[in-house]
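*Asks:* Here are the chains, one letter per residue:
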Amino acid sequence: MMRGQVVPEEARAWTAGLLLATDYFAHARREAVAKASAAIRGRLHRARRASSEDRETSR
Amino acid sequence: MASTLPPAGPGPDMGAAGVGVLGEPVARRRSRLRTYLLAEAAAIGLGYGVAVLRDGAPVTGGGWALVAAGAVAVAVPLWIKSRRELRQETETRSAESLAIETDARLRLVVGDVVTPIAEVVGRVHQTSGKERESLRGQLKQLVVEAAASLCDGERARAVFFGLERGEMRAAAWFGRGDPPTTVFTDDPADRRGQEALLLVRFHDYLLVDDVQAGELPRGAEPRPGAGYRSFISVSVFCGQQNLGMLSVDAPEPGAFDETDLNVMRAMAQLLGAGLVDRR
Numbered sequence: 001m002m003r004g005q006v007v008p009e010e011a012r013a014w015t016a017g018l019l020l021a022t023d024y025f026a027h028a029r030r031e032a033v034a035k036a037s038a039a040i041r042g043r044l045h046r047a048r049r050a051s052s053e054d055r056e057t058s059r
Numbered sequence: 001m002a003s004t005l006p007p008a009g010p011g012p013d014m015g016a017a018g019v020g021v022l023g024e025p026v027a028r029r030r031s032r033l034r035t036y037l038l039a040e041a042a043a044i045g046l047g048y049g050v051a052v053l054r055d056g057a058p059v060t061g062g063g064w065a066l067v068a069a070g071a072v073a074v075a076v077p078l079w080i081k082s083r084r085e086l087r088q089e090t091e092t093r094s095a096e097s098l099a100i101e102t103d104a105r106l107r108l109v110v111g112d113v114v115t116p117i118a119e120v121v122g123r124v125h126q127t128s129g130k131e132r133e134s135l136r137g138q139l140k141q142l143v144v145e146a147a148a149s150l151c152d153g154e155r156a157r158a159v160f161f162g163l164e165r166g167e168m169r170a171a172a173w174f175g176r177g178d179p180p181t182t183v184f185t186d187d188p189a190d191r192r193g194q195e196a197l198l199l200v201r202f203h204d205y206l207l208v209d210d211v212q213a214g215e216l217p218r219g220a221e222p223r224p225g226a227g228y229r230s231f232i233s234v235s236v237f238c239g240q241q242n243l244g245m246l247s248v249d250a251p252e253p254g255a256f257d258e259t260d261l262n263v264m265r266a267m268a269q270l271l272g273a274g275l276v277d278r279r
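Those protein sequences? They're chains P and H, same order as listed. Residue numbers are given in this note's numbering: position 9 of the first sequence equals residue 9, and the series is strictly consecutive. Residue numbers are given in this note's numbering: position 232 of the second sequence equals residue 232, and the series is strictly consecutive.
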């Protein structure tokens, strides 16, 4: 389950001019790369597991 | 006053590494394969040594030559296999890094930029008078900040040229260098200005890889002394209302690609949606 704000606090701070664009984007990039890294590795892991299960069942 | 965010964690497996399009280190894991290959080579070498020495060391030159030939025969396939496996691992890791960069960029564009800017566009239309003008000024600034930060060029600069009384002047900018001073006019002597105004009127975009390259579209020549080599310009409009031009430029040639162009188109349309007046 996932629940959160549609427009997070950091984004609101940026759009309200309370946070510098350079700080906002540096943080957003780090977060995006970390989340993307976890997501892609999760997908690769599931794909490898699915293909190994397929090989097992086809034997 | 600007606040700062707490530093985010480096994320999984973020070590010393190359730099991706997001300007962040690309994840690189320490190769376990190399360790396995070394262990495999050591085991084979040990086995071969034991097999050779079990009956005693060779006593003749021919015997030693045979042992050396056997060692080469064992080492060559092992070396070829190791190289192939290491190359495959490098290719897999590059593909994984590219996938991570693409996914991260999508998250950044959609989640961190379009979503909050769309919220500001909505608020523009819920307000009136001075508050609306203030929000519009804020929106212009957010869009140029986003455009300069999202497009690939190193030291990119984004500018919004607002259209007023047939002329375009910089209304918001972000990135390297001094404030832009260019004014685009319909004066017959201002060919660049005329072409820029036509681009806006026809709701077009223009991506130029290198302003110093041989053939350029009409009016795409840089002004003398310009500090950029590549740029994207996109018309900002809503319906039939022309509002100006959003541009991003970079000092290096070929800084932008079609993905950057699409980001700019989306930014320009968001800006147009926020700046348009009710009819």
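FYI, nobody ran anything at the bench for these hints, they're computed from the structure. Here the structure is a predicted model, which means the values were calculated and not measured. One or more hints might be untrue.
To be verified - Partner residues are not named here, just some residues of chain H that face chain P (Cβ under 7 Å, in silico):
no., residue
1, A104
2, R107
3, L108
4, D112
5, T115
6, P116
7, E119
8, V120
9, G122
10, V124
11, L142
12, S149
13, D152
14, E154
Claimed, not checked - Reference listing, derived: stretches of chain P covered by chain H, where coverage requires no fewer than 3 residues with Cβ under 8 Å from a Cβ of chain H:
no., region
15, 4-12
16, 46-52
All C-beta atoms, glycine included, are put in the ideal place defined by N, C-alpha and C.
*Asks:* Now tell me, hint by hint, if it's right for this structure.
*Replies:* Hints, verified against the model:
{"no.": "1", "hint": "A104", "in the structure": "holds, 4 Å"}
{"no.": "2", "hint": "R107", "in the structure": "holds, 4 Å"}
{"no.": "3", "hint": "L108", "in the structure": "holds, 5 Å"}
{"no.": "4", "hint": "D112", "in the structure": "holds, 4 Å"}
{"no.": "5", "hint": "T115", "in the structure": "holds, 6 Å"}
{"no.": "6", "hint": "P116", "in the structure": "holds, 4 Å"}
{"no.": "7", "hint": "E119", "in the structure": "holds, 5 Å"}
{"no.": "8", "hint": "V120", "in the structure": "holds, 5 Å"}
{"no.": "9", "hint": "G122", "in the structure": "violated, 10 Å"}
{"no.": "10", "hint": "V124", "in the structure": "violated, 11 Å"}
{"no.": "11", "hint": "L142", "in the structure": "holds, 6 Å"}
{"no.": "12", "hint": "S149", "in the structure": "holds, 4 Å"}
{"no.": "13", "hint": "D152", "in the structure": "violated, 13 Å"}
{"no.": "14", "hint": "E154", "in the structure": "violated, 14 Å"}
{"no.": "15", "hint": "4-12", "in the structure": "holds (count 5)"}
{"no.": "16", "hint": "46-52", "in the structure": "violated (count 0)"}
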